[in-house]
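Residue numbers (the numbering used here), protein chains in the order written: chain E, 1 to 322; chain V, 323 to 665.
Everything labelled a hint here was simulated from the structure, so no lab data went into it. A portion of the hints provided could be inaccurate.
If we take Cβ atoms under 7 Å as the criterion, some of the chain E residues that face chain V in the derived model are [as the list claims (entries may be wrong)]:
hint : residue
1    : A33
2    : H72
3    : L94
4    : N96
5    : R103
6    : P107
7    : I141
8    : A160
9    : S186
10   : I194
11   : G198
12   : D200
13   : L238
14   : H298
15   : P299
The beta carbon of each residue, even a glycine, is placed where N, CA and C say it ideally should be.
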Amino acid sequence: MSITYLEAIREAQAKLLRDDERVFIYGQDVGGAFGGAFKATKGLAKEFPGRVLNTPISEDAMVGTAIGAALHGMRPIVEMQFADFSSVALNQILNNAGTHYWRTNMPVPITVRLPSGGTKGSGPFHSQSMESLYAHYPGLIVMTPGTVEDAYTMLIDAVAINDPVVYCEHKYLYYHLKADKLPTESFPIGKARIAREGRDLTIVSYSAMLQEALAVAEQLSREGFEIEVVDLRTVKPLDTDTILASVARTGRLLCVGESFPWGGATAEVISRVTTEGFHLLDAAPVRVNAKDTPIPYHPNLWSTHRPSAKSIAAKARKLLRE
Amino acid sequence: MLQTAVRKGKKSATKKTPHERFLEAFRWMLLARTLEDKLASLYRGGLITGGVYIGRGQEAVSVACGMFLQKGDIFAPLIRDQAGRSAFGEPLVDVARTYLGSRQGPMRGRDGNIHRGKPGDGQLAMISHLGAMISVTVGALMAKRWRGEKNFVGLTTIGEGGMQTGSTHEGMNIAAVEQVPLVVVATNNHYAYSTPNEREFACADLVDRAIGYGFEGYTVDGTDLTQCLDVIGSAVKRARAGRPPQLVVASMLRLGGHGEHDDASYITDQIKAEPFAKDCLKCAEKVITDLQLASPETLKEWRAEAAAQVDEAVSTAQKEAAPDAAQEDWCAISDRQLMDKPE
């Protein structure tokens with residue numbers, strides 16, 4: 001018996017709908033017998049009549065509606081069909097939900113699920129990782145679960161949080177990542193996790209890149225290096241303390257993220273470590289991101305555009321020699 | 323004296339005689355005009371930071387939006403809705419506090435001017451991005467329906483400028499899909515900032531969009547208070563009774579600039595001579611005088627009362643402390659445990 005990352009997301013939503021009558025799911029094709037483009041809500045409309053609702057192709061209005069409902073006691077979960085399309089809802093997420101508590105003293109407890117990241121053949125408009133963009137704006141929590149366990153517990157936590165949460169779930173992990181069972185306890189939100197202990201180099205990562213980082217650590221262990229892997233879990237808030245503690249142990253920092261290179265989560269990690277822990281570093285920190293072009297369609301191009309275990313390992317080996 | 327506090331126990335506008343209703347509406351309009359004249363003068367005197375955005379000429383439409391709403395309803399006003407906000411129950415001092423940046427205002431100096439509201443009391447706080455509040459109102463109404471509340475409506479306002487955004491299109495459509503008891507009152511004041519109608523839209527009449535969205539649509543002369551009360555009041559009644567969402571398109575001329583910083587020199591003399599350019603407040607006063615609904619002495623008394631209320635609100639806010647950056651917690655989320663600490 002095993003459960004996938006995608007099934008964990010579905011199970012978390014089933015539990016939320018079962019346990020909390022304020023919860024409803026709102027998004028394109030989530031309802032009926034269809035259950036979403038990726039089947040993250042499969043069967044839920046039948047099990048919870050009237051609470052898993054198909055919407056028009058109106059990302060702005062989907063989030064606006066969720067905001068209004070949240071202000072009047074509901075706990076909406078909005079499913080974007082692809083993270084990329086949430087750009088249409090940026091205004092509602094950033095300018096309405098993100099500013100609301102600060103302006104009015106009334107928080108907006110919405111959860112926006114973003115099926116994120118690249119998969120083979122998906123091209124420029126069905127592959128994006130938008131966590132860095134959302135983290136840039138004030139007023140939002142940005143989650144990037146990289147394990148089946150976190151996919152489950154963090155979604156449950158997201159709905160419990162009184163502030164707006166952007167929950168970035170990685171499409172590549174949907175079917176590839178499996179666990180034996182669902183967890184009964186959750187790791188605290190806002191805390192990064194040491195996914196693997198080591199002493200030669202810290203790799204900070206999150207979401208699907210966590211799995212690439214773990215693969216690199218395994219590979220380099222055969223070359224005699226002990227790599228510590230930090231899973232950020234939330235890019236906002238960013239757990240600087242756990243990162244600094246790890247860098248204090250290893251003296252070397254490599255950050256890996258799938259989003260575009262200009263600014264963003266990896267740049268923020270390096271900025272904080274060099275500002276607050278410059279003395280801990282034995283070598284200049286390095287980062288690996290996607291390339292600064294739209295995400296290519298053809299697998300030959302895409303596999304080079306995104307960071308991979310191969311490209312991360314190459315940077316890691318170079319950094320370990322410095 | 324007109325009570326600008328919460329509407330509790332107030333006699334519903336629908337239960338008043340037409341004359342009582344007209345006079346009450348006139349007094350809210352007068353209060354809004356008096357307040358906004360004062361705000362404009364404070365702005366010109368350098369006492370208000372940022373902008374001042376007023377509803378001169380739009381008071382008849384706006385007051386009709388606020389007057390038929392009850393406790394438990396949702397009102398999502400925009401920038402020219404002072405009369406409606408007051409009629410819905412917004413205390414004058416909240417306006418003064420927000421414009422003057424008092425710490426005791428609903429926005430506590432964190433936001434200003436017309437970007438204010440008390441969402442817990444059904445007064446949604448607009449953002450500047452036009453059309454965004456339509457779907458938010460839809461969501462609020464869905465929540466009320468889920469929670470088993472009855473007999474409620476939502477009303478949101480928009481201009482002919484805001485009607486051209488994608489957000490308005492999505493919001494109108496989703497309102498009809500969800501069949502919520504919503505009234506959208508769209509006022510064509512003939513300019514989006516400086517841009518005239520011919521560069522804003524090309525349809526024959528904006529109300530024609532109602533049928534396209536699955537709304538019921540009506541038009542109204544925004545300079546005529548009697549019509550505004552009838553048409554908007556009826557739309558609210560129909561929405562409350564479970565009819566499809568309602569669109570009311572009003573026509574009038576903005577009697578001033580986009581804000582007080584704008585001299586509106588682009589408004590042509592030709593358009594100023596149009597029938598829709600009449601001042602609704604003067605028209606309403608003429609009705610009162612012609613029909614002898616109130617004596618000149620009473621009108622004078624009402625003016626003095628409005629001025630006194632405005633002065634009291636402004637002087638209260640002026641005495642209050644401004645926000646203090648050193649005491650601000652600089653946290654944009656409610657859960658401080660989850661606050662990011664970049665420094």
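Hint check results:
no., hint, result
1, A33, "19 Å, violated"
2, H72, "4 Å, holds"
3, L94, "10 Å, violated"
4, N96, "5 Å, holds"
5, R103, "5 Å, holds"
6, P107, "4 Å, holds"
7, I141, "6 Å, holds"
8, A160, "10 Å, violated"
9, S186, "14 Å, violated"
10, I194, "20 Å, violated"
11, G198, "26 Å, violated"
12, D200, "28 Å, violated"
13, L238, "6 Å, holds"
14, H298, "32 Å, violated"
15, P299, "34 Å, violated"
Against the hints set out earlier in the document, violations occur for numbers 1, 3, 8, 9, 10, 11, 12, 14 and 15.
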